[in-house]
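Asker: All chains, please: the whole structure from these sequences, using the hints.
Chains A and B, in that order, give the protein sequences.
Numbering follows numbering that gives the first Met the number 0, with no gaps: position 315 of the first sequence is 314.
Numbering follows numbering that gives the first Met the number 0, with no gaps: position 117 of the second sequence is 116.
Derived by calculation from the structure, the hints in this document are not laboratory data.
Backbone N, C-alpha and C define an ideal beta-carbon position, used for all residues, glycine too.
Don't take every hint at face value.
[To be verified] Computed beta-carbon distance windows for the label pairs:
#	chain 1	residue 1	chain 2	residue 2	range
1	B	L18	A	A215	38 to 44 Å
2	A	H98	B	G119	26 to 32 Å
3	A	H98	B	P33	25 to 31 Å
4	A	D261	B	A271	25 to 31 Å
5	A	E126	B	N202	49 to 55 Å
6	B	N27	A	H98	19 to 25 Å
7	B	R320	A	P259	33 to 39 Å
8	B	N43	A	P236	36 to 42 Å
9	B	N202	A	D18	32 to 38 Å
10	B	A143	A	D303	46 to 52 Å
[To be verified] Okay, the calculated bits of chain A under chain B, using three or more residues with CB under 8 Å as the criterion:
#	region
11	52-65
12	174-180
Take a look at the letters that make up each chain.
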Amino acid sequence: MSDIRGGIVSVVERTHAFDAGGPVVAVHFLGHSAVFVLGEEAMLLAEMNGAPRRVDVHDGAILASVSDGERVISGGDDGKIAETDAKGESRSLASDPKHRWIDHVALGPDGALAWSAGKQAFVRGKELREFAAPSTVGGLAFLPKGFRLAVAHYNGASLWFPNAPQAAPETLEWKGSHLGVTLSPDGRFLVTTMQEPMLHGWRLADRKHMRMSGYAVRVTSLGWTAGGDWLATSGAPQLILWPFQGKDGPMGREPLLLAPADHRVEMVACHPRQEIVAAGYGDGLVLLVRISDGAEILAKRPGDARITALAWSADGMLLAWGTEGGEAAIVDLA
Amino acid sequence: MSEPLSADKVPVTVLTGYLGAGKTTLLNRILSEPHGKRYAVIVNEFGEIGIDNDLVVGADEEVFEMNNGCICCTVRGDLVRILDGLMRRKGKFDAIIVETTGLADPAPVAQTFFVDENVGRKTRLDAVVTVADAKWLTERLKDAPEAKNQIAFADVILINKTDLVSPDELREVEARIRGLNPYAKVHRTERAQIPLEAVIGRNAFDLDRILAIEPEFLDDGGDGDGHDHAHHHDHAHDHDHAHDHAPARGLKHYHDEEMQSISLDSEQPLDADKFFPWVQELVQKEGPSILRCKGILSFKGDDERFVFQGVHMILDGGHQRAWRPDEKRTSRIVFIGRNLPEETIVKGFESCIA
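Answerer: Structure follows, in structure tokens:
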């Protein structure tokens, strides 16, 4: 293992680590409680002090999860959409009548909930609405303004108005399998992650296409910085940041490449307030990277397993990480 | 961080075959035998599985084309998602079986394992098993290109429902199959009765297992009757290696009008600097035509055997082991595909000889 990071500032000693009991697939903060989502059945609630508490949530694999800071919504292969709170209580919010896998979940304005099973997307606001995508749904995201859901599928993404069922959804087209979708915080750009090692995007005002490529493998983790100026992404042995300032966003511009390492970046998490990105790598390394100058802080030394979960608390004081091998921790950065 | 060993990856068996050939019967057999193994099954038609199996997942069989303009670069997108979800329950099953619909082309399924890094890391393709209906295959081959693909692509072929055809008809079907695929292991079965190890745990895509590329002779699967023995007796006389461009002697020579296999040998070592650019360019150019390829190569100045395999445009290869002192360092490649430019391929290969 190379020692290219010898001598950088480290916060590793401020870590409260524990064994999650299974591979960690996601982590979300509810206040100062970190909720580690395991690949199967349960979530682990943990704070900086004390032992974690296990909550049984699904009868099977947990396929997707999302949080608004108050609760964690999850979808499982048991066909259930569940809600888990900071008290460690879990309940079923909805379930698929055919017990299909709930592949994706999303949270929208006023507590609206969206999920998908196969080709169908559902939104539950005041009423339950259904949308039949042209093919299997690859990802869901609410647009930041209004009540609209972006649904990624093969050959593009559809923008659906759940409250106007008569209105045909708008389709943004691009050949290939679109697996995840995200909107820039100002709502001007829509970006999808594809099966191929690339991102695709559209400027919504004029539907102009944006291609962001050069990755080693497909991008499985991405996030917007606090002001929406950058889109941080995984998929290469460096942190790749696409610039979204200005009316053209990344069009015609090169990405910023920071924090090169021996292994690929697997997870990214942007600090809620500052232009800092936490990057988790394939060998278990976690770095905090400052965008302005690429300065790094060591948050976790490389270990055996890849980082598969990474998140900041809403106040930016705590960082949580989890690995494929079942290691989990909270780091106190106050 | 080390990559997971092949042994840790969950094996995936792809079951294909035309409607009514006996795929589901085979699947139900596999699931109901008292072998103590647990299988996760991915199917298209839910109702068909007679056994109460814990892990049965419905798939959409959605194939999409990668965005590189190549029509053969297709992937089973739904499989990527399903395998990822299934692997969250890793400890709950020993292997995965993917049953495809009757009209399915096996190539996208196979390519999925080479193209998605996550899938390739956690699972490995074990074999493509095709079930063929002894009575109806010949008809199907006339009107369905998918049926041809399924035969040509397979590692193991079950000629099923042999009780419904005469010995002559059976011989016809076998010959037809051999004409499409000289390299698969063929079994004759009734009601899909076959020992489990003939279809599961084949390691057909394991580079380490590419020991020889010889056309396979018919195996009667232990179900032989008197007439089968007689048939085998014919084979015994022709039990030397098949000639380059012809299928094994003893069977009727059947060349399909469009699907062929080309086998190239060289007793002289190859020049690695010429071979790799040649084969890369060949599969890029002829990718859509080449269904599968396999090779064992000896390079000049290299004491290790190089083995490779490919599906359409995707190639996967590596050094396997040292050549043994008593081993003849013969290089051999086989291509199975449609309308292959035989002369171009032969000339190209010959130009790679050191």
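Asker: Confirm or reject each hint.
Answerer: Hint check:
no. : hint                         : verdict
1   : B:L18 to A:A215: 38 to 44 Å  : holds (41 Å)
2   : A:H98 to B:G119: 26 to 32 Å  : holds (29 Å)
3   : A:H98 to B:P33: 25 to 31 Å   : holds (28 Å)
4   : A:D261 to B:A271: 25 to 31 Å : holds (28 Å)
5   : A:E126 to B:N202: 49 to 55 Å : holds (53 Å)
6   : B:N27 to A:H98: 19 to 25 Å   : holds (22 Å)
7   : B:R320 to A:P259: 33 to 39 Å : holds (35 Å)
8   : B:N43 to A:P236: 36 to 42 Å  : holds (39 Å)
9   : B:N202 to A:D18: 32 to 38 Å  : holds (34 Å)
10  : B:A143 to A:D303: 46 to 52 Å : holds (49 Å)
11  : 52-65                        : holds (count 4)
12  : 174-180                      : holds (count 3)
Comparing the model with each numbered hint stated earlier shows that all of them hold.
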